[in-house]
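There are 2 protein chains.
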Amino acid sequence: MAGRERLLVIGGDAAGMSAASQARRRRGPGDLDITVLERGHFASYSACGIPYYVGGVVDDAEELIARTPAEFRDRGIDLRLCTEATEIDLGGARVRVRDVDGGAETWEPYDQLMIATGAVPTRPELPGADAGGVHGVQVLDDGIGIRRVLEREKPRRAVVVGGGYIGLEMAEAMVTRGLDVAIVDGAEQPMSTLDPDMGALVADAVRGIGVDLHLGDRVEGFETGPDGRVAAVRAGGRTLPADLVILGLGVRPGSDLARAAGIETGPTSGIVTDRRMRTRTERVWAAGDCVETRHLVSGLPVAIALGTHANKQGRVAGINLGGGYATYPGVVGTAVSKICHVEVARTGLNEREAAAAGFDALSVVVESTTRAGYHPGATPMKTKLIAERRSGRLLGGQIVGEENAAKRIDGLAIALWNRMTVEEMTGLDLGYAPPFSPVWDPVLVAARKAAELVEEDMRRSP
Amino acid sequence: MAGRERLLVIGGDAAGMSAASQARRRRGPGDLDITVLERGHFASYSACGIPYYVGGVVDDAEELIARTPAEFRDRGIDLRLCTEATEIDLGGARVRVRDVDGGAETWEPYDQLMIATGAVPTRPELPGADAGGVHGVQVLDDGIGIRRVLEREKPRRAVVVGGGYIGLEMAEAMVTRGLDVAIVDGAEQPMSTLDPDMGALVADAVRGIGVDLHLGDRVEGFETGPDGRVAAVRAGGRTLPADLVILGLGVRPGSDLARAAGIETGPTSGIVTDRRMRTRTERVWAAGDCVETRHLVSGLPVAIALGTHANKQGRVAGINLGGGYATYPGVVGTAVSKICHVEVARTGLNEREAAAAGFDALSVVVESTTRAGYHPGATPMKTKLIAERRSGRLLGGQIVGEENAAKRIDGLAIALWNRMTVEEMTGLDLGYAPPFSPVWDPVLVAARKAAELVEEDMRRSP
Chain X
1 MAGRERLLVI
11 GGDAAGMSAA
21 SQARRRRGPG
31 DLDITVLERG
41 HFASYSACGI
51 PYYVGGVVDD
61 AEELIARTPA
71 EFRDRGIDLR
81 LCTEATEIDL
91 GGARVRVRDV
101 DGGAETWEPY
111 DQLMIATGAV
121 PTRPELPGAD
131 AGGVHGVQVL
141 DDGIGIRRVL
151 EREKPRRAVV
161 VGGGYIGLEM
171 AEAMVTRGLD
181 VAIVDGAEQP
191 MSTLDPDMGA
201 LVADAVRGIG
211 VDLHLGDRVE
221 GFETGPDGRV
231 AAVRAGGRTL
241 PADLVILGLG
251 VRPGSDLARA
261 AGIETGPTSG
271 IVTDRRMRTR
281 TERVWAAGDC
291 VETRHLVSGL
301 PVAIALGTHA
311 NKQGRVAGIN
321 LGGGYATYPG
331 VVGTAVSKIC
341 HVEVARTGLN
351 EREAAAAGFD
361 ALSVVVESTT
371 RAGYHPGATP
381 MKTKLIAERR
391 SGRLLGGQIV
401 GEENAAKRID
411 GLAIALWNRM
421 TVEEMTGLDL
431 GYAPPFSPVW
441 DPVLVAARKA
451 AELVEEDMRR
461 SP
Chain D
1 MAGRERLLVI
11 GGDAAGMSAA
21 SQARRRRGPG
31 DLDITVLERG
41 HFASYSACGI
51 PYYVGGVVDD
61 AEELIARTPA
71 EFRDRGIDLR
81 LCTEATEIDL
91 GGARVRVRDV
101 DGGAETWEPY
111 DQLMIATGAV
121 PTRPELPGAD
131 AGGVHGVQVL
141 DDGIGIRRVL
151 EREKPRRAVV
161 VGGGYIGLEM
171 AEAMVTRGLD
181 VAIVDGAEQP
191 MSTLDPDMGA
201 LVADAVRGIG
211 VDLHLGDRVE
221 GFETGPDGRV
231 AAVRAGGRTL
241 PADLVILGLG
251 VRPGSDLARA
261 AGIETGPTSG
271 IVTDRRMRTR
281 TERVWAAGDC
291 VETRHLVSGL
301 PVAIALGTHA
311 NKQGRVAGIN
321 LGGGYATYPG
331 VVGTAVSKIC
341 HVEVARTGLN
351 EREAAAAGFD
361 ALSVVVESTT
371 RAGYHPGATP
381 MKTKLIAERR
391 SGRLLGGQIV
401 GEENAAKRID
411 GLAIALWNRM
421 TVEEMTGLDL
431 GYAPPFSPVW
441 DPVLVAARKA
451 AELVEEDMRR
461 SP
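Chain order of the listed sequences is X and D. So for the first sequence, full-length UniProt numbering puts the first residue at 1; every next one is plus one. So for the second sequence, full-length UniProt numbering puts the first residue at 1; every next one is plus one.
Hints may be right or wrong, so weigh each one.
All copies of an identical chain are treated as equivalent in the list; a pair is satisfied when it fits inside any one copy or across any two copies.
What the hints assert, rightly or not - Each computed SDA-like pair below joins lysine to any residue, with the alpha-carbon atoms no more than 25 Å apart:
| hint | residue 1 | residue 2 |
| --- | --- | --- |
| 1 | Lys154 | Pro301 |
| 2 | Lys382 | Ile65 |
| 3 | Lys449 | Asn418 |
| 4 | Lys449 | Asp130 |
Everything labelled a hint here was simulated from the structure, so no lab data went into it. Remember, it's a predicted structure, so these values are computed and weren't measured experimentally.
Work the whole structure out from these sequences, hints included.
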């Protein structure tokens, strides 16, 4: 390598810090200078842990922080907090940087640029959406802000807008804190990444913990009180009083900075990269929630904001930046969540996604138990599989159950990764003992049922 | 099919009843007569549940029975209990049958014969091994007998001979019942299907629940008291007092009946079948603990007595007997177990097995947690992976941890099934949320570490 290079990383969370760490492991400070620009007050934290901090399951925000800035500095990574990148100048190979507190601007040069600018939360463009008391849940600062409000202002009624993973996890956190909680979602079911039949099970569970669930109700606006703070949410013709509003409307790739510089983005609005996490622009890399990746079942580009992807992509970018070779093949769309005692998981394509991707699919739902039926602690769980007609190729799976149900999704995810058919899956040698599974694991029961359906379907229309 | 056929099934547990049920689903009573001969008092029960019945975790032996004889009869399956097959006459296509209680003998003809004679427990050929108070744990009758002794005779001291899965599960059951328990095993570690380093963790856990663990001590004999019942176990020069002895020395395929008839058995002494579960003899099928199967990683024949394999093999045989088409490809050697709070799992080849199968292997052990470190209930777990040098192909995995640790073995089993490399595995899209996993699932952490080791190893010796 000719001379000392400078790696500039924009964004100091999962993707950015993983890239920086991996690059540093392979190239010492004498060979590679690494500077990370992070606009927030924290770096390298678990954004997925925010609902647990808000709900008080996790005591201290510090616990969510994997490594402190000092630890990174000790490893020769110059992590600068409260430092925002405002412009990328590709021609000049430099980034304009603003001190968030002081406002001073400078230009930072780079030899290699890593973009890890994360996701941007969707905010409804509605009157009152920016009022006090309306909170997004995106960065750790948001979580700290919400918890401070909960502890100091003792709000009684919360409305959560959006019934996806974050919305439900935040609703649970508010219930834990003793608030009356309503969820408003424009869809007919919570967790729209599930099929409606499985989503209905989640809806039952959410109502079961006392949440007032308004489905099919689009938010029309936010009413404010005399103090200018939010007082109610208008949705579906109703007015839901609220001392606190949580926005959980999902996110989009935070690719604006890259796009403004002329770096290619794709149909999802995420930055386009190759499997080594290189953008289409020389010397510019990207990873995490700001990029789009390949869905290995549909073959389509997708943007899925999830810490586990960001970490993996960042690691791959860092290995390559460090002179090694690594690739990130894509995702199969796995997600798990827990709402009180109910565990939910999904992977691959749901029925709607399978149809959209051009698959002729069939599906089965089986009810089983998490342990041998006679073993204490056995609880019912439902497993849904979606398979391609004729070939029997597994296309997706969904699980709703209780303790020890959801992580079985990993088996389905690995089966998808390897393009297994449901018929092949019936032979899988999964772990069996009464405290862990019935003699036919729920995954196997579902695979059997799906394989039988594929066979019957072929007989009916050969 | 010309005329009505008769399927005769020898053995009415997992493999036999699965075969009978599947055959019946596809061929009605007018087409296929199905008779099952079972020498015990019970059919279709969970042998794996016996330790939980003995320990009182399961109240009633009936709970272990999946289907009653009456239920089978209602489905047109003539299940005959206490009926022992004593000879197979291949030339005459008939089986000699003895009424276990009455002693009367008859010959039963067959068109198709299904052998599902299970496993035979290893009994030490030592003085006193047949004394009263020395119990095997093979069939439900054994479990019922042991529990009766525990409840009526209130023994104080139990010695378990053999530290495999059954031995440990029975030891836990005895501890639960308040007995002083010792385990004697000739090996240097319990659970010899684990590598010594992982087995040592299990040994610690077993000692932790108060079991007196004697490793490397071969049993030399059993001492009896004046009443002729067992009074002590002699092992490694010591004398361990015992009111009750449990034999958990493993099993071998119960293939004697088949072998005597001239049906081919293999190097494991299990009956040889093809992938459709047909023996090398016309019209004779076999499934379950009495057969040998293929280990999909080593390629070698193995005999693994486990209800989940028996059920799958029986199902495959039954589909084929019913006129359908199904195959059983083999196993990857997955097993899970729980000893009090400690969960143990293994799949594939351990270090010794990998070497014996001709693989040049390396291994890694990583320590991780079952949930995000900051999430309550996160407990430490150790994951070991064994991979082939250079290719990086996964060869096996072992897990020792607490709640929610062991079933992660399924992911490794499916990776093995699909011949994944540890490098490929680093990209796997596994379910992540703080209550379920750290952002890098333990399986991924182990895969990363193994992939790094494979890479370093290649650099050192290119």
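Taking the hints in turn, this is what the structure says about them:
In the homo-oligomer, the alpha carbons of Lys154 and Pro301 never lie at most 25 Å apart, since the shortest distance is 43 Å inside one protomer and 67 Å across protomers. In this homomeric assembly, Lys382 and Ile65 come within 25 Å of each other (Cα to Cα) only across copies, at 23 Å, whereas the closest approach inside a single copy is 35 Å. Proximity of Lys449 and Asn418 under a CA criterion of 25 Å is satisfied in both settings, with 20 Å inside one chain copy and 22 Å between copies. Neither within a single protomer nor between protomers do Lys449 and Asp130 lie at most 25 Å apart by alpha-carbon distance, with minima of 50 Å and 46 Å respectively.
Of the numbered hints given earlier, the model fails hints 1 and 4; all others are met.
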